[in-house]
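Student: Listed below are the residues making up each chain.
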Amino acid sequence: RKEVEQDPGPFNVPEGATVAFNCTYSNSASQSFFWYRQDCRKEPKLLMSVYSSGNEDGRFTAQLNRASQYISLLIRDSKLSDSATYLCVVSRGTYNFNKFYFGSGTKLNVKP
Amino acid sequence: NAGVMQNPRHLVRRRGQEARLRCSPVKGHSHVYWYRQLPEEGLKFMVYLQKENIIDESGMPKERFSAEFPKEGPSILRIQQVVRGDSAAYFCASSPPSGQLNTEAFFGQGTRLTVV
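Residue numbers (this note's numbering), protein chains in the order written: chain A, 1 to 112; chain B, 1 to 116.
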């Protein structure tokens with residue numbers, strides 16, 4: 001079983017739509033959670049960390065459900081520039097060990 | 001503060017040659033990770049290193065691939081006797097010493113290897 005699983009999409013949505021991505025992780029010992037964004041042929045970049053209480057950054061809202069081991073990302077009022085692949089990431093480790101586990105990504109296409 | 005620096009950005013090698021990919025982590029970061037990404041596919045973990053130590057190489061092919069992160073200088077991913085199937089984008093990431101929640105990984109811009 002994969003450490004992190006995501007629906008690969010693509011999600012094709014019109015501008016202004018609200019879109020939600022989910023991902024599940026298999027190891028309950030996972031400690032930290034992130035959403036990264038990757039544009040075509042570019043490196044992944046941190047979009048936001050995901051906190052246990054849920055957190056919001058402008059049009060983006062992330063939620064974590066530890067009991068069900070899933071993470072979600074909600075994008076409101078989609079823009080053309082939101083078109084990208086969104087990577088769900090978890091990490092776990094100790095003081096001197098920190099390993100990241102990446103999902104395969106969910107592709108989002110926002111259309112005019 | 002410079003981010004993760006990878007070079008070269010693009011590398012072309014003929015089959016059978018060696019490819020050396022370099023990665024300088026963010027200053028102060030002691031953890032380095034290498035990932036490979038084929039076109040239209042996700043990131044595949046290759047190896048996790050700390051200074052002078054390989055922590056996890058479970059994603060490295062058994063032959064032709066090696067990685068190091070010496071006490072001084074950048075981390076090197078070395079591919080010997082390259083084959084066409086090695087053509088991919090190779091990303092390096094770094095993170096600081098852990099012990100803190102939500103310590104993120106920072107990525108370099110990647111090296112695009114083309115084997116002809």
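Incorrect hints may have been included.
[Claimed, not checked] Computed list of lysine to aspartate or glutamate pairs in EDC-like fashion (alpha-carbon distance at most 20 Å, straight line):
| hint | chain 1 | residue 1 | chain 2 | residue 2 |
| --- | --- | --- | --- | --- |
| 1 | A | 45 | B | 52 |
| 2 | A | 107 | A | 5 |
| 3 | A | 99 | B | 52 |
| 4 | A | 45 | B | 40 |
| 5 | A | 42 | B | 52 |
Because the hints were derived from the structure by calculation, they are not lab data.
Remember, it's a predicted structure, so these values are computed and weren't measured experimentally.
Student: Look at each hint and say if it fits the structure.
Tutor: Structure-based check of each hint:
With a C-alpha separation of about 27 Å, the suggested pairing of residue 45 of chain A with residue 52 of chain B is violated against the 20 Å cut-off. Restraint check for residue 107 of chain A and residue 5 of chain A: the C-alpha separation of about 13 Å stays at or below 20 Å, so the hint holds. At most 20 Å may separate the alpha-carbon atoms for a hinted pair to count; residue 99 of chain A and residue 52 of chain B meet this at roughly 17 Å. The suggested pairing of residue 45 of chain A with residue 40 of chain B holds, with an alpha-carbon distance near 17 Å, which does not exceed 20 Å.
For the hint pairing residue 42 of chain A with residue 52 of chain B, the CA-to-CA distance comes to about 29 Å; that exceeds 20 Å, so the pair is violated.
Consistency note: the structure conflicts with the earlier hints numbered 1, 5.
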